[in-house]
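*Asks:* Could you put the whole structure together from the sequences, leaning on the hints where they help?
There are 2 protein chains.
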Amino acid sequence: MEKKVSRPIKRVSRNPVSKPDPGNAPASARWLVSQNSWGSLSTVSLELAGAPFGNVVSYSDGLPDEGQGIPYFYLTTLDPTAKNALKDPRASLTLSEYILGTCGKKDPMNPSCGKITLTGKLKLLESKSKEEEFAQKVLFAKHPEMSGWPPSHNFRFFKLEIEDIFLINAFGGPKPLTVEEYLRYKL
Amino acid sequence: MEKKVSRPIKRVSRNPVSKPDPGNAPASARWLVSQNSWGSLSTVSLELAGAPFGNVVSYSDGLPDEGQGIPYFYLTTLDPTAKNALKDPRASLTLSEYILGTCGKKDPMNPSCGKITLTGKLKLLESKSKEEEFAQKVLFAKHPEMSGWPPSHNFRFFKLEIEDIFLINAFGGPKPLTVEEYLRYKL
Numbered sequence: 001m002e003k004k005v006s007r008p009i010k011r012v013s014r015n016p017v018s019k020p021d022p023g024n025a026p027a028s029a030r031w032l033v034s035q036n037s038w039g040s041l042s043t044v045s046l047e048l049a050g051a052p053f054g055n056v057v058s059y060s061d062g063l064p065d066e067g068q069g070i071p072y073f074y075l076t077t078l079d080p081t082a083k084n085a086l087k088d089p090r091a092s093l094t095l096s097e098y099i100l101g102t103c104g105k106k107d108p109m110n111p112s113c114g115k116i117t118l119t120g121k122l123k124l125l126e127s128k129s130k131e132e133e134f135a136q137k138v139l140f141a142k143h144p145e146m147s148g149w150p151p152s153h154n155f156r157f158f159k160l161e162i163e164d165i166f167l168i169n170a171f172g173g174p175k176p177l178t179v180e181e182y183l184r185y186k187l
Numbered sequence: 001m002e003k004k005v006s007r008p009i010k011r012v013s014r015n016p017v018s019k020p021d022p023g024n025a026p027a028s029a030r031w032l033v034s035q036n037s038w039g040s041l042s043t044v045s046l047e048l049a050g051a052p053f054g055n056v057v058s059y060s061d062g063l064p065d066e067g068q069g070i071p072y073f074y075l076t077t078l079d080p081t082a083k084n085a086l087k088d089p090r091a092s093l094t095l096s097e098y099i100l101g102t103c104g105k106k107d108p109m110n111p112s113c114g115k116i117t118l119t120g121k122l123k124l125l126e127s128k129s130k131e132e133e134f135a136q137k138v139l140f141a142k143h144p145e146m147s148g149w150p151p152s153h154n155f156r157f158f159k160l161e162i163e164d165i166f167l168i169n170a171f172g173g174p175k176p177l178t179v180e181e182y183l184r185y186k187l
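Residue numbers (full-length UniProt numbering), protein chains in the order written: chain Z, 1 to 187; chain A, 1 to 187.
Treat the hints as calculated values from the structure; they're not laboratory data.
Since the list gives no way to pick out one identical chain from another, each pair is judged satisfied if it fits inside one copy or across any two copies.
Simulated pairs of lysine to any residue, SDA-like, Cα-Cα distance not exceeding 25 Å:
id, residue 1, residue 2
1, K106, S147
2, K106, P80
3, K137, D107
4, K105, K137
5, K83, K175
6, K83, K121
7, K87, E47
8, K83, G50
9, K186, A27
10, K106, L63
11, K19, D164
12, K175, N154
13, K83, S147
14, K128, S152
15, K105, T76
16, K121, A49
17, K121, D88
18, K175, W149
19, K175, S18
20, K83, E131
21, K106, A27
22, K83, G173
23, K83, W149
24, K19, S37
25, K105, N154
26, K106, F140
27, K175, H153
Nothing here was measured: the structure is a model prediction, and the numbers come from that model.
*Replies:* The structure is reproduced here in structure tokens:
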């Protein structure tokens, strides 16, 4: 006989919010950012003479299906990405719809398989701030493993302050989308 | 009644070469590059004041399961990545094992879920050269859709001339791996 559980069980969504109309650029962009949970974060490489250096990172912009648009990260300066950002905060986060499984048989480079690049500044969050608390909550909700990462590695919370959005989700070139339109949209 | 087809049917491998021992850095790196077929390609942005700009791109380093280690691309200057590279060839290609489905329940940022960043120069291949012919063959084999991409978009073949390899596939930090060791390895 099964025990009854009286409190709601939190879990990562198994039925992600369905794909928005590609004509709705803010909805499409926010969907890509909210539904994905990892991507490539590019910074200016200190070790490689300023080369653009992409690195696989996990991120979260909110609780599952409650994304707010701003990507948060949990990074260690043992890794070049955080080290680079502390010296030069210019960065971009690149995501693909392909990972979500909604591109069917399309090639990942097919314009109708959505892709987005958020460019801006990768900033260290103030220790013990409200925003750091929020970042921890939303990151650990989507990446439960993070709560066990070794304290000796000095992981810290960062966010990407978005300044430009490059979105392709259909034929016809990048979709015009301002940061304000992107952040204002309600999922 | 089905027609019998007498010639062999080419297809993308359904049984990818099994994952090498993470202790074997060249094998592990070449496996990640050969088994993946798309990733994030970062360049120095012309439009965004030199920001590191990642973009989702398809690539190929050889016929399925016959990778040779050098990533080739089919890019159009209608897209910022190719435009950036023609002005400043510094670039990196970032790939994750997560896409291959062999990371199990590990987080994409878990060090034992392999990730690799190849940094170097993104170079346009000489028109009608032997290398361009090879690039077309290996790209179209892994990305059949490419052969139908619109000629008016002026797609051209590029390669990444690798200068540095950043590989993490286990706990204990990046694996030392020279470009020579990487290219010399036979799959």
